[in-house]
Amino acid sequence: MKLKIRRAAVLGSGVMGAQIAAHLAAAGVRTYLLDLASAEPPVDKAMAKAVGKNFRSARSVLAIENLKVLKPSPLYSSSVLQSIIPGNFDDDMSVIADCDWVIEAVIERMDIKQDLHKKIAEYAKPGIPVTTNTSGLNLAEIVKDLPEAYAQRFFGTHFFNPPRYMRLLEIIPHVQTNPELLKATTDWIEERLGKGIVHAYDTVNFIANRIGVFGTQSTLKHMAAFKINVETVDELTGPLVGRAKSATLRTMDVVGLDTFMAVARNTYQRAPNDPYRDLFVGPKWIEELIEKGSLGQKTNSVGIYKKDKDAKGKTEILSYRPESKTYESANPQRFAWSEEAAKERDTVKRIKLILSKNDDGATFVWNCLRDVFSYSSFLLEDIAGGLPQPVDDALKWGFNWEYGPFELWQSLGFDDILARMKKDNAPLPSWIKPGIKFYGNDPASAAWAQAGGPGQQFLATKNTMVPVPTPSWNYRLPQAENKADKRVVMSNKGASIVDVGDGVATLTFHSKMNAIDHDLIEMMQKAVAVVHKSFDGLVIANDAQNFSAGANLKLILEAITTKKWDDIDRLLRNFQGALQLIKFAPFPSISCPVGMTLGGGCEVALHTTERVAAGETYAGLVEMGVGLIPAGGGTKELALRSYELAEAGEKGDPMQFLQKAFFLIGLARVSSSAHEAVEMGLFPKTTSISLSREHTMDMAKRHVIAMVRDGYIPRSPVTALKVVGDPGIQTFRMALYNMAEGLQISPYDAFIGTKVATVLCGGEVDGGSIVSEQYLLDLERKVFIELCQQEKTAARIESMLKTGKPLRN
Amino acid sequence: MKTAYIVSPLRSAVGKAFRGSLRSKRPDDLCADVIRAVLKDSKIDPNLIDDVILGCAMPEAEQGMNVARFALLLAGLPESVPGVTVNRFCSSGIQTIAMAASQIKAGDAHCILAGGTESMSLIPMMGHKVVGSREVMDNHPAFYLGMGMTAENVATEYKISRADQDQFAYESNMRSSNAIEKGLFKKEICDVPVTFRTPGANGEAKIETINFNTDEGPRPDTTVEALGKLRAVFKTGGSVTAGNSSQMSDGAGMCFVCSEEFVKKHNLKPIARLAGYSVAGVPPRIMGIGPIEAIPKACKAAGITKDQIQRIELNEAFAAQALAVVRSLGLDPSKINPTGGAIALGHPLGATGAKLTATLLHGMQRDKQKWGMVSMCIGTGMGAAGIFEML
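So the protein lines, in turn, are chains B and V. Residue numbering for the first sequence follows the numbering used here, beginning at 1 and increasing consecutively. Residue numbering for the second sequence follows the numbering used here, beginning at 810 and increasing consecutively.
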């Protein structure tokens, strides 16, 4: 069974509903966003204007408006808004009949959800999935009065806030759910929405919130026992122990203390046999803050922390002191091991180090970790059917933990931890016995990375290891030079060429930040030769969060300091040459941009035949920030595209198109998504986008195979390009001069801008001169070296290497 | 020397560029409407017109092709009437009146139609194709300094504060709003029909025609505080904002310039005579001070002192430059722009000279004044001033 979801309806336009709608729209699904009908237009003038004639649907219209201002932005691009159609429950329920998926995301009240599902049942097409976005209500109860056919297609899809950025999606079937429909929907969500799926049981608060909120409640208890203040709690339970930056209490502020405590109360009320049940009440001081209306971020940033201005008007974050009920300046406690721990970059080693100490801070950390280990294992059968992986995934994807509880437990040494837990009389299930391994491969090991997962996991209910299959779309590309991997055709320190089957070779980078250096360039050249000889097509993809941060700046700075201009020229020639080889190869190539796709990395993506980009792609030609221009062919590519666009109109003036390219490079613009990279004119319009990074490699492979099968016609270099020449450069200088006079850019920015213009315009030649593609590449190198010879460029590069921030000199 | 008389100075109402009522009106059509109105008001036999001289600052595209000839033919003037387009940027609309007057004074002509037309909605500042010169960029980049930056330079060099600029802009809005409310512009504005073609159902174009006759620039509800909150647009940390600069606009203005002989023979009622007109050059980087040089020259040409002038239409390209002119020449602020200026009413570049002439002469007629002046600064560093004596 394979689903075709082209239209969807989201019922309930609250913060979650609206953002889920935005995410669906970004995946190309036309989405109706419905909410309660309003009887009258809003009183507020601005709101009334936004709503216009459609005041009956004011709630959803305003919710869609609000998407534009939410931070971080739930919109991959503003054009996504066109695919979200507002409506209301009274007038527009019939649209549901057109939908292929209905998501109910209204307030967490059983009676309201029950009533709404009765209404949905009247309209929804037979056979389509109908799901609820609840964080803890009992699913079976929601549909208990509905016909069996409806109950069979009903299950829970629990998104995490913000849904664009949080990878976790808990899928919760109830006893009647049709497993086939469940699997088909899950597959679709995984591939099209890019969500990390965790299968949960229909138990209180499911997995992530059950354990995550427990972790918080237990931390609050230990905080009181050890008399540790608010900011220290967050220091000890944040990145230090592999958890999110917002740690424990800041997370509560972000979520809202009331929302958080409602989840805790839900556990208390509905899980009477919970071994830690009493923890889910209180503490009193949190209840007091809620009573006072200090709920955190949503109440003017007054909660456990308070955003304030000091005497000089500088923002200061104050911390709540439960004893005195006042806010005070932060005063985090330090421990004897604090400095040593801060220096350790490996999280597992860092935690081991802390656990080897026995002062209050270290004991507090141990107690917090211990409780989570105990609780997770105790509940494992109940909430996840005895499999550790769903629990670990849920905490990693839903709470941004670096390791899930079982992964961490195993990494820290299962038996040692168990012994210490037993000494503390921590509640444990009977299946926990010395010598257990939760996973076949150790979570922090190279074996795990190489296998693309644990291989096997422990099934508690059967006391045995079961295989964890790697999905067919997961290529497990090497993360380092790996001669043992039989698929690797060729490899060096920076990159590998991998046989991914079906006649496709994948070139993958694995240098630090995938920065482009000699090794990578060598592999690019070799990849073309290898594919030419033994494969049908090439994919360039990295199994990493970032495609490439750009050229290795250290390399360039070294050449500058030693004035080895020829070295720079050679490096550029090789890079340009490799990308031209890829561009004009007799076989198709596809790159898979993802995350940071900057500078040289972006240039790689611009030269392949096509691109399959992950939704979260932050692409840009950002060389300007370090006083340089894109000289791997990036400036040339944008120039060629501009001239091509101008040619489309008979008397087209290339300047208007060149201007767009000029500002992309000149302002070092970086896209906030793949959608935006296309809209701003950086990636060609033919770029494919997938919200699932994990699927881009497989999509690219299938795409390459299709291109080969259907007859790929190689591209040829442009030999006669009519350029705007010197008059164009002078026109850009006019604009740069005015910006510099207006102090909007520095004189040196204007200088670099002129260099960018020089390449885009085809050099200081007469307008209408004819040049070749190679001439533009030669110009790129010439200008690049001219800039390298400027002191201010060297200073910009140094600053970037030292501080990571661009210097505006 | 002979006298050049002004007959029937009229103008269109001024539209806000891009979103205003004249956004789709072609400047040749617009000018033709004003020509017809001037003709009707003056009752002059069109066969007797010697020439049509039309000002336009960006004479290309819809206002290219010698827009004067097109406008007069579209207005229904006989094919025997010739036409010429003249460009001195922002003074074009009064430059044409001065050129007509020169021909009259020389005895070469007796009846010339003069004025200006401009659509900033359709033709951008600097035109559709801007091409820089290497010589200019290498050796004289300030020639290309944007107008807003020249205003920043004037504000700095003439010490014009942000607060003063905003106050000046506020007054412009108040005075013009007040004038519109009292109907003071009614006599000088002719009706202009505007047809909008908007997408309708089933591929139809919905056609709707309105009669446009009220200036739409002024903001009667603005405040000094609101103006003070606007960001400087041209220079980081500067003082020139969208609120204290002139607006981009569409408009046209025309009048007859006739000889004494012609006036008498055809029993016309001229409103004024052009007593003197001068232009002067100043550094391009502070182009806004142009009137400081042009006004004394024009006074000398007219044979009067500046204190004799009772009313001045000083184009408000920017509050900064207008204030610099007023203060440097010691002009009496109460005489300047009593019914508001370009900051509120708009500045349709090549039409502005003719528009301000219509406003000046009708205003002086209303207030029974004798000597009046139109003056403006001009891009790339010039100023123009024309002095009129009411009859």
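Hints in this document: simulated from the structure, not taken from any laboratory. Glycine is no exception: its CB is placed at the ideal position from the N, C-alpha and C atoms. Take the hints with a grain of salt, since some may be wrong.
[To be verified] From the structure, some residues in chain V lie toward chain B, with a derived Cβ separation under 8 Å:
| hint | residue |
| --- | --- |
| 1 | Gly941 |
| 2 | Arg943 |
| 3 | Pro950 |
| 4 | Leu1039 |
| 5 | Phe1043 |
| 6 | Lys1044 |
Hint check results:
1. Of the supplied interface hints, the one on V/Gly941 holds, with its beta-carbon coming within about 3 Å of a beta-carbon of chain B, less than 8 Å.
2. Given the 8 Å rule on beta carbons, the hint for V/Arg943 holds: about 5 Å separates it from the nearest Cβ of chain B.
3. Here the hint on V/Pro950 is kept, as its CB sits about 5 Å from the closest CB of chain B, short of 8 Å.
4. Look at V/Leu1039: its Cβ only gets to about 16 Å from chain B, farther than 8 Å, so that hint breaks.
5. The restraint placing V/Phe1043 at the interface with chain B holds, with a minimum CB-CB distance near 5 Å, inside the 8 Å limit.
6. Annotation: interface hint on V/Lys1044 holds; nearest CB of chain B at approximately 4 Å, less than 8 Å.
Consistency with the previously given hints fails for number 4 only.
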